[in-house]
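Colleague: The lines below spell out each chain.
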Amino acid sequence: MTRAVVVLGLVLLFSIAVAVSVGATSVSWRAILDGDATARAILFGIRLPRVFTGALVGAILAVAGLTFQTLLRNPLADPFILGVSGGAAAGAAVATAAGWARVAGVVPVIAFAGALLATAAVFALARRGSHTDPTRLLLSGLVLNAFFSAVILIAFALSRQSDLTAALRWMMGTLFGASWSDAALLFTLLLVGVIALATMANDLRLLVFGEDDAKSRGVDVERVKLAGFVIASVMTGAAVAVSGIIGFVGLLVPHLIRLVWRRDFRALLPLSAIGGATLLVVSDIASRVIVTSAELPIGAFTALLGVPFFLSLLRRSR
Amino acid sequence: MIAVSGARFAYGDRLALHDVSLDIGETALVALAGPNGSGKSTLLKLLARVASPSAGDVQFLGRSLREWNAKQYAQQTGYLPQEPDTAFPMRAIEVVVSGRAPFLTRFGFETDEDYEHARVALEMCDASHLAERYLDEMSGGERKRVFLARVLAGEPKLILLDEPLAALDVAHTQQFSKLLRNIVDRTRATVVFASHDLNWAAAYSDRIIVMDNGGIAADMSPDELMQPEVVQRLFGFSAETVRVNGKPWLVPRT
Numbered sequence: 000m001t002r003a004v005v006v007l008g009l010v011l012l013f014s015i016a017v018a019v020s021v022g023a024t025s026v027s028w029r030a031i032l033d034g035d036a037t038a039r040a041i042l043f044g045i046r047l048p049r050v051f052t053g054a055l056v057g058a059i060l061a062v063a064g065l066t067f068q069t070l071l072r073n074p075l076a077d078p079f080i081l082g083v084s085g086g087a088a089a090g091a092a093v094a095t096a097a098g099w100a101r102v103a104g105v106v107p108v109i110a111f112a113g114a115l116l117a118t119a120a121v122f123a124l125a126r127r128g129s130h131t132d133p134t135r136l137l138l139s140g141l142v143l144n145a146f147f148s149a150v151i152l153i154a155f156a157l158s159r160q161s162d163l164t165a166a167l168r169w170m171m172g173t174l175f176g177a178s179w180s181d182a183a184l185l186f187t188l189l190l191v192g193v194i195a196l197a198t199m200a201n202d203l204r205l206l207v208f209g210e211d212d213a214k215s216r217g218v219d220v221e222r223v224k225l226a227g228f229v230i231a232s233v234m235t236g237a238a239v240a241v242s243g244i245i246g247f248v249g250l251l252v253p254h255l256i257r258l259v260w261r262r263d264f265r266a267l268l269p270l271s272a273i274g275g276a277t278l279l280v281v282s283d284i285a286s287r288v289i290v291t292s293a294e295l296p297i298g299a300f301t302a303l304l305g306v307p308f309f310l311s312l313l314r315r316s317r
Numbered sequence: 000m001i002a003v004s005g006a007r008f009a010y011g012d013r014l015a016l017h018d019v020s021l022d023i024g025e026t027a028l029v030a031l032a033g034p035n036g037s038g039k040s041t042l043l044k045l046l047a048r049v050a051s052p053s054a055g056d057v058q059f060l061g062r063s064l065r066e067w068n069a070k071q072y073a074q075q076t077g078y079l080p081q082e083p084d085t086a087f088p089m090r091a092i093e094v095v096v097s098g099r100a101p102f103l104t105r106f107g108f109e110t111d112e113d114y115e116h117a118r119v120a121l122e123m124c125d126a127s128h129l130a131e132r133y134l135d136e137m138s139g140g141e142r143k144r145v146f147l148a149r150v151l152a153g154e155p156k157l158i159l160l161d162e163p164l165a166a167l168d169v170a171h172t173q174q175f176s177k178l179l180r181n182i183v184d185r186t187r188a189t190v191v192f193a194s195h196d197l198n199w200a201a202a203y204s205d206r207i208i209v210m211d212n213g214g215i216a217a218d219m220s221p222d223e224l225m226q227p228e229v230v231q232r233l234f235g236f237s238a239e240t241v242r243v244n245g246k247p248w249l250v251p252r253t
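From first to last, the protein sequence lines stand for chains U and E.
For what it's worth, numbering that gives the first Met the number 0 labels the leading residue of the first sequence as 0, then goes sequentially.
For what it's worth, numbering that gives the first Met the number 0 labels the leading residue of the second sequence as 0, then goes sequentially.
Derived from the structure by calculation, the hints contain no laboratory data.
Worth double-checking, as some hints may not be accurate.
Cβ pair distances, simulated, as ranges [what the hints assert, rightly or not]:
#	chain 1	residue 1	chain 2	residue 2	range
1	E	D12	U	L75	24 to 34 Å
2	E	A166	U	P74	44 to 54 Å
3	E	A166	U	L75	20 to 30 Å
4	E	F108	U	L9	41 to 51 Å
5	E	N35	U	R168	39 to 49 Å
6	U	L163	E	L103	14 to 24 Å
7	E	A216	U	R126	35 to 45 Å
8	U	V4	E	M137	27 to 37 Å
Beyond 10 Å from chain U on every Cβ pair, some chain E residues (computed) [claimed, not checked]:
#	residue
9	Q71
10	P83
11	D111
12	E115
13	F236
Ideal Cβ placement from N, Cα and C applies to all residues, glycine included.
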């Protein structure tokens with residue numbers, strides 16, 4: 000596991016270095032070392048916070064996806080299927096329709112609230128007595144997603160044309176304008192989230208054997224499920240609030256890691272975080288360099304890059 | 000060692016167990032028999048602390064399971080669910096070593112010693128050759144052997160097995176029935192196992208508890224159970240008893 004972390008970590012560092020040096024304006028390392036003010040402003044004010052924010056969003060989405068898959072014992076679970084992202088998007092769409100989106104900082108807050116409300120709703124719908132059934136959780140998420148799609152469509156129909164462009168860009172996922180404070184917020188959440196999940200890792204990994212089995216091994220299954228769900232949802236909510244909807248990372252990355260290393264939750268946790276960060280940083284590079292005149296949606300590239308890689312691994316595995 | 004008093008349990012509206020009381024001592028091989036849906040699995044779940052009774056109590060070593068710390072109880076017991084499986088592909092050795100989980104510290108990984116326990120357990124279950132294989136490449140019976148090894152890897156004092164003999168081939172049914180006896184004799188553990196095969200349940204057990212409709216219909220020695228009129232009354236099973244080397248075997252009447 001240590002070797003895998005080192006290998007993936009080096010790949011991540013390399014992609015960050017590349018991501019920082021490419022962009023619409025070429026910034027040479029020499030200019031930065033020479034103390035060129037413009038070059039330094041681009042590097043420290045724009046590129047670095049953007050690249051770090053991207054890496055953190057990727058890490059968070061992958062860790063959240065891994066956690067949901069583990070909790071629900073279902074390889075299809077991810078923040079999108081469970082309605083967490085949908086809730087955030089619906090919140091943002093309503094804010095756009097109401098015209099609040101023009102006030103800076105409102106969309107992230109409402110999106111975050113939407114994500115948490117969606118989580119609470121999915122959990123409440125799936126709960127029967129003191130037990131939360133994984134299949135009902137997935138179904139509730141699926142149904143709520145349909146509801147959120149309807150809310151988004153209606154909200155967009157009611158929005159002013161001028162507000163829609165920003166809203167659509169957010170819906171497609173973007174790291175444009177990411178700041179150091181975004182990166183700091185996400186870093187804190189990722190750190191707290193990963194540490195909290197690590198303290199439960201020995202319990203979480205036993206869920207792979209089923210809830211009854213885990214209970215017989217001394218795991219407080221309902222407590223672990225609730226805690227894991229809250230941690231993953233808060234992290235996802237914050238990531239979506241900062242970057243909009245970026246798909247596939249939460250679903251793909253844990254599976255990619257599993258296909259290569261086939262280990263349990265304890266090893267998958269750090270590996271998924273690094274893998275998710277890498278996928279997003281590489282996708283960010285692609286979204287900025289393929290067409291230099293415009294920024295393409297990063298969410299499209301996480302899928303464009305991730306899917307072929309995933310399919311080739313899937314074909315090679317038994 | 001473990002005692003149930005007046006236990007009751009329901010799945011929603013369906014009553015699965017009612018007024019169940021029994022006392023199981025140390026170093027015993029106890030078989031649970033009874034038709035499908037009679038409450039065998041539910042009783043095992045109560046004993047394994049997977050479910051708690053809505054009325055009544057279960058006590059282990061004189062202390063209610065409600066008062067036992069979950070991890071400490073897990074260190075003393077092992078439970079094999081009816082259809083053990085994993086949500087994601089895993090190698091047998093990783094499955095077996097996870098039986099050591101209750102002994103790990105919060106951030107701990109399994110030590111070489113834990114792997115040694117796992118290898119010994121695999122050996123006992125005649126499954127050493129499966130160690131590096133993935134579960135999804137195994138037959139149902141091979142998987143069962145791996146999961147039984149997982150239970151044994153924790154060296155539990157109380158072993159609860161839900162139909163450990165189902166899905167095993169004839170040779171392994173025979174071998175496993177003996178293995179359960181050996182575990183009891185060698186480790187002084189108590190094994191409670193559910194089984195539909197009366198012959199193998201009776202062959203090595205000290206005691207057979209017959210469940211019916213959520214209650215205990217009979218609690219007797221194998222010799223007492225293996226009588227034509229008794230199995231007719233309890234199971235509606237029409238059979239003759241033959242004795243081979245002193246052991247009673249049921250042969251169906253045709």
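Colleague: Evaluate each hint against the coordinates.
Modeller: Hints, verified against the model:
1. D12/E and L75/U have their C-beta atoms about 32 Å apart, which keeps the hinted 24 to 34 Å range intact.
2. Between A166/E and P74/U the beta carbons are some 25 Å apart, a value that contradicts the proposed interval 44 to 54 Å.
3. At about 28 Å, the CB distance of A166/E to L75/U agrees with the hint of 20 to 30 Å.
4. In this structure the hint that F108/E and L9/U lie 41 to 51 Å apart at CB is violated, the actual value being about 23 Å.
5. At roughly 59 Å, the beta carbons of N35/E and R168/U sit outside the given window of 39 to 49 Å.
6. For L163/U paired with L103/E, a C-beta distance near 53 Å fails the hint of 14 to 24 Å.
7. The hinted range of 35 to 45 Å is satisfied by A216/E and R126/U, whose Cβ atoms lie roughly 36 Å apart.
8. One distance hint, 27 to 37 Å for the beta-carbon pair V4/U and M137/E, holds here, with the actual separation near 30 Å.
9. The claim that Q71/E lies off the interface is violated: its Cβ sits roughly 8 Å from the closest Cβ of chain U, which falls inside the 10 Å cut-off.
10. With a least beta-carbon separation of about 7 Å from chain U, P83/E fails to lie farther than 10 Å from that chain, contradicting its non-interface assignment.
11. Every Cβ of chain U is farther than 10 Å from the Cβ of D111/E; the closest lies at roughly 16 Å, confirming the non-interface assignment.
12. Every Cβ of chain U is farther than 10 Å from the Cβ of E115/E; the closest lies at roughly 19 Å, confirming the non-interface assignment.
13. Every beta carbon of chain U lies more than 10 Å from that of F236/E, the smallest distance being close to 30 Å; the non-interface claim holds.
Hints 2, 4, 5, 6, 9, 10, counting from the list given before, are not met by this structure.
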